[in-house]
Amino acid sequence: MGPVLAGVLQLLALIAALALAYVPLGNHMAKVYSSDKHWRVEKWIYKGIGADPNTEMRWPAYLRGVLAFSAVGVLFLYLLQRLQGVLPGSLGFKAIDADQAFNTAASFVTNTNWQSYYGEQAMGHVVQTAGLAVQNFVSAAVGIAVAMALVRGFARSRTGELGNFWSDLVRGVTRILLPLSVVAAIVLVACGVIQNFSGIHEVGQFMGGDQQWNGGAVASQEAIKEIGTNGGGYFNANSAHPFENPTPFTNLFEIFLLLVIPFALTRTFGIMVGSVKQGYAILATMGTIWVGFIALMMWTEFAHHGPALQLAGGAMEGKETRIGVGASSIFAVSTTLTSTGAVDSFHSSFTGLGGGITMLGMQLGEIAPGGTGSGLYGMLIMAVIAVFIAGLMVGRTPEYLGKKIGTREIKFAACYILITPALVLIFTAVAMALPTPGNSMTNSGAHGFSEILYAYTSASNNNGSAFAGLNADTQWFNSTLGLAMILGRFLPVVFVLALAGSLAEQKPVPATAGTLRTEKPLFTGLLVGAILIITGLTYFPALALGPLAEGLAS
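The sequence shown begins at 8 in the working numbering and counts up one residue at a time.
Honestly, the hints are just simulated from the structure, not real lab data. Incorrect hints may have been included.
When the alpha-carbon atoms are kept at most 25 Å apart in a straight line, the in silico PhoX-like pairs for lysine-lysine are as follows [stated by the list, open to error]: (1) K101 x K38; (2) K38 x K284; (3) K54 x K44; (4) K527 x K514; (5) K50 x K284; (6) K284 x K514; (7) K514 x K411; (8) K411 x K284; (9) K38 x K50; (10) K38 x K54; (11) K527 x K411.
Label pairs and their computed distance ranges (CB to CB) [said to hold, decoys possible]: (12) P528 x P95: 55 to 61 Å; (13) L544 x T62: 39 to 45 Å; (14) G521 x A440: 30 to 36 Å.
Ideal Cβ placement from N, Cα and C applies to all residues, glycine included.
Please work from the sequences and hints to get the whole structure.
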């Protein structure tokens with residue numbers, strides 16, 4: 008079997024698995040966020056944190072809950088890292104430096120999981136499990152909660168109430184993320200991923216020095232890392248490491264895990280707004296972009312010219328031989344079109360155009376299918392923009408799901424789509440203009456510029472993957488990337504919740520003969536076009552200086 012055929016068959020198997028999980032998981036999540044009953048363990052949690060889960064919140068109160076909970080998470084994780092040297096189970100690792108502790112705390116709380124450290128050489132068992140793994144659960148639950156608030160904004164009328172943040176947060180963990188993670192961790196352990204709390208072991212000599220490895224609760228963290236579209240690995244090599252991803256099956260299984268909730272949330276959306284066809288339209292948009300990007304990536308990585316590449320069956324540099332070009336391409340596209348950031352190969356070593364595809368996937372806003380929750384609310388914001396564009400073309404007041412998209416709503420949507428490009432381009436420009444940040448580039452020219460552009464694209468869009476060439480463990484990058492993560496996560500949430508509140512206050516508008524049918528393929532095509540055009544106009548000059556210049560020159 009040739010490598011191209013193997014890659015295509017793996018893609019088809021992945022699509023089949025996602026299709027099988029789509030209806031039951033989507034239905035389950037709709038029941039979770041529509042139920043008015045609480046589990047006993049959930050009642051204990053509400054009592055412990057002093058929250059009333061039955062109190063409905065308007066968007067400012069919902070936002071305060073999101074920000075307060077996240078701020079406490081940043082502070083707790085920062086202190087945990089700074090105190091690591093005196094904690095049990097630290098494996099002898101010292102406390103994390105202040106700038107790196109801030110960067111890591113901001114990273115994991117914002118669901119980014121950017122890592123400027125070597126996981127197996129810096130973090131002990133307590134920080135990994137009580138700190139990073141916990142944030143993997145709750146940061147993903149926050150994303151789903153915000154998405155559900157926006158969905159309720161479309162579904163409800165004549166009220167500004169969007170649900171209860173604390174109830175949405177707790178249910179996301181106890182009823183969705185935790186059960187799925189337990190099952191996934193068992194599968195991973197059965198397939199060879201390690202799960203222990205062992206210390207550091209000498210494993211032999213390497214290049215004249217001792218080589219050491221430590222164990223850890225890898226399978227459990229790997230499960231929520233993918234399910235919650237987090238991405239931070241126990242080891243520096245991430246999912247390229249055999250302790251995290253030992254076989255081609257586990258590689259495909261991990262891709263499935265990082266995609267299954269974002270895709271299934273489209274059905275949850277359809278059920279909650281009373282039209283599963285609306286969910287299918289959003290699913291079709293996400294799926295079209297995802298499959299299209301995979302096709303482009305496989306083409307660039309398999310068909311690149313050069314005798315060495317042809318003999319290897321594709322661009323094998325930076326890829327694991329046990330995984331291959333096809334599966335690495337699927338993983339790279341899936342992890343950058345979601346907010347996962349996990350890697351089973353090193354994007355810096357992809358072909359010039361291949362590296363550009365991973366970058367562009369993040370610059371779309373990671374909405375195809377995007378992160379747990381963040382992908383759905385990002386796509387719904389783009390749907391609002393697409394409806395507005397359609398209204399301008401026909402001279403009719405735009406409507407979406409029975410709600411008018413007026414001046415107020417379009418301002419919120421416009422602010423949402425402008426925030427992350429502004430962060431990416433401003434931080435990149437400043438870093439390139441100053442003399443010190445450029446010293447962190449391993450390469451010069453277009454590829455070196457791509458390293459910095461990729462870093463701020465990844466941080467601002469809460470992805471977390473790296474181009475694997477930039478030395479980001481400096482005070483400048485730890486501080487500015489941490490700031491980009493926080494602003495890139497919470498500023499958009501402000502406008503999402505404000506839009507949700509505005510929509511929920513409206514009364515429904517009855518559909519007429521002139522109403523745009525947003526469940527039809529025509530709207531799906533319009534939405535795909537709007538996403539690609541808006542992103543292209545925003546980022547094309549920067550991409551032309553980096554991956555496009557490198558790809559055309561090679």
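The hints, checked one at a time:
1. K101 x K38: violated (45 Å)
2. K38 x K284: holds (18 Å)
3. K54 x K44: Holds: K54 and K44 sit about 15 Å apart, inside 25 Å.
4. K527 x K514: Since the Cα atoms of K527 and K514 sit roughly 24 Å apart, the hinted pair holds (cutoff 25 Å).
5. K50 x K284: Roughly 35 Å separates the two Cα atoms, so the pair is violated.
6. K284 x K514: holds (22 Å)
7. K514 x K411: holds (9 Å)
8. K411 x K284: holds (20 Å)
9. K38 x K50: Distance of about 18 Å is within 25 Å: holds.
10. K38 x K54: This hinted pair holds, its Cα atoms lying about 23 Å apart.
11. K527 x K411: holds (19 Å)
12. P528 x P95: 55 to 61 Å: holds (58 Å)
13. L544 x T62: 39 to 45 Å: With a Cβ separation near 43 Å, L544 and T62 satisfy 39 to 45 Å, so the hint holds.
14. G521 x A440: 30 to 36 Å: violated (50 Å)
The structure fails to meet hints 1, 5 and 14 from the earlier list, while all remaining hints are met.
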